[in-house]
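**Q** Per UniProt numbering, the sequence shown starts with residue 1, numbered consecutively.
It is possible that part of the hints are untrue.
[Stated by the list, open to error] DSSO-like, lysine-lysine: derived pairs with alpha carbons at most 30 Å apart:
1) Lys213 with Lys173
2) Lys101 with Lys173
3) Lys183 with Lys101
4) Lys183 with Lys173
5) Lys167 with Lys186
6) Lys167 with Lys101
7) Lys167 with Lys183
8) Lys173 with Lys287
9) Lys213 with Lys183
10) Lys186 with Lys173
Hint data in this document are derived by calculation from the structure and do not stem from the laboratory.
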Amino acid sequence: MSEPQLASLLEEPAMRDAIAVVFERSDGGREELQWADVRNALSSDQWGRLIRTGTLVEGSSGFAIADPDRIQRALEERDQGSEPDENGDEIEAEPWAWYDKAVGLTALAFFMGYWNTGIRNTVASFDDLVLAPITDVLPFYAVIILLAIVTGLYSTVLQARLTNTEKLQAYQKRMNDLQERQKAAKERGDDEALERIREEQMAAAGDQLGMFKLQFRPMVWIMLLTIPVFLWLRWKVRGGHLGSGETGLVVPLAGAVSWQDPLVGPMATWIVWYFLCSMASRQLIRKTLAIQPASPSS
Numbered sequence: 001m002s003e004p005q006l007a008s009l010l011e012e013p014a015m016r017d018a019i020a021v022v023f024e025r026s027d028g029g030r031e032e033l034q035w036a037d038v039r040n041a042l043s044s045d046q047w048g049r050l051i052r053t054g055t056l057v058e059g060s061s062g063f064a065i066a067d068p069d070r071i072q073r074a075l076e077e078r079d080q081g082s083e084p085d086e087n088g089d090e091i092e093a094e095p096w097a098w099y100d101k102a103v104g105l106t107a108l109a110f111f112m113g114y115w116n117t118g119i120r121n122t123v124a125s126f127d128d129l130v131l132a133p134i135t136d137v138l139p140f141y142a143v144i145i146l147l148a149i150v151t152g153l154y155s156t157v158l159q160a161r162l163t164n165t166e167k168l169q170a171y172q173k174r175m176n177d178l179q180e181r182q183k184a185a186k187e188r189g190d191d192e193a194l195e196r197i198r199e200e201q202m203a204a205a206g207d208q209l210g211m212f213k214l215q216f217r218p219m220v221w222i223m224l225l226t227i228p229v230f231l232w233l234r235w236k237v238r239g240g241h242l243g244s245g246e247t248g249l250v251v252p253l254a255g256a257v258s259w260q261d262p263l264v265g266p267m268a269t270w271i272v273w274y275f276l277c278s279m280a281s282r283q284l285i286r287k288t289l290a291i292q293p294a295s296p297s298s
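Using the sequences and the accompanying hints, generate a full structural model.
**A** This is how it looks when you write it as structure tokens:
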């Protein structure tokens, strides 16, 4: 059996557990095994693969491990590497810098503006200093399109630049590996392996928090810029700050609707229009800039 073949087998959670079972039940490779000795822990396909790859070789009364020392070293290295990522390094939690925390607190304060009139009016008034000249030139529906494009642009760019995709993939790979091994152990009815996997899952409980921190960091920066825009739109529509001619839109099927009329369920027309423009602009921006959505599996 070549080194690449062994490495390939060990990459598969089910086969890694199968090799561990065979090694254990053969007393570290000193005894030969029959299929009956492991049939309660291995599938026939796994047993066959171990023979086909040369991991097990035919002996005088059964099958023996071809190179017990190499198998032992490989299993020990894998056991020691159950916590590290695919490169053998530990996945260190990425701490937030002080400015990330400051941005998070500021975004939270802006978020309170959805319920607090004072915060909403203060933020919207500052926004209006910048946006008022634009509203004087463009109709309100076009202003919403422009804002959706701008927010879509910086949201997409910030998401791509601030998300540590490699660490997210390492977290996801570790969790998927544990889930696959757990599933394989349940199918075999291997209680010992299940107990070991549960211990590993408890030790890796911090992965969920680490993933959340990685995913939420770009979100607070996006919220810092997006929430004030949304508060200004709400202030503009519901606060009676629209021009006399800015009544609403003509929508297919619904006809002429005002900006405050519910259009999709309880959602007002201006909210639906903003979200539609925002989603469309983000898709276009991603394709134009060749930016893939950040996700653990990407």
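**Q** Are the hints correct? Go through all of them and say.
**A** Comparing the hints with the structure gives:
For the given pair, Lys213 sits about 17 Å from Lys173 by alpha-carbon distance, which is consistent with the 30 Å threshold. Annotation: proposed proximity of Lys101 to Lys173 holds, straight-line Cα distance about 28 Å (limit 30 Å). Pair hint Lys183 plus Lys101 does not hold up; C-alpha atoms about 39 Å apart against a cutoff of 30 Å. Proposed proximity of Lys183 and Lys173 is supported: the alpha carbons are some 15 Å apart, at most 30 Å.
Between the alpha carbons of Lys167 and Lys186 the distance comes to roughly 29 Å, so the proposed pair stays at or under 30 Å and holds. Only pairs whose Cα atoms come within 30 Å are accepted, and Lys167 paired with Lys101 is accepted, the gap being roughly 20 Å. For the proposed pair Lys167 and Lys183, the alpha carbon gap of about 24 Å is at most 30 Å, so the pair holds. Of the pairs offered as hints, the one joining Lys173 and Lys287 holds, with about 27 Å between alpha carbons and a cut-off of 30 Å not exceeded.
This hinted pair checks out: Lys213 and Lys183 have alpha carbons roughly 28 Å apart, not beyond 30 Å. Pair hint Lys186 plus Lys173 holds up; C-alpha atoms about 20 Å apart against a cutoff of 30 Å.
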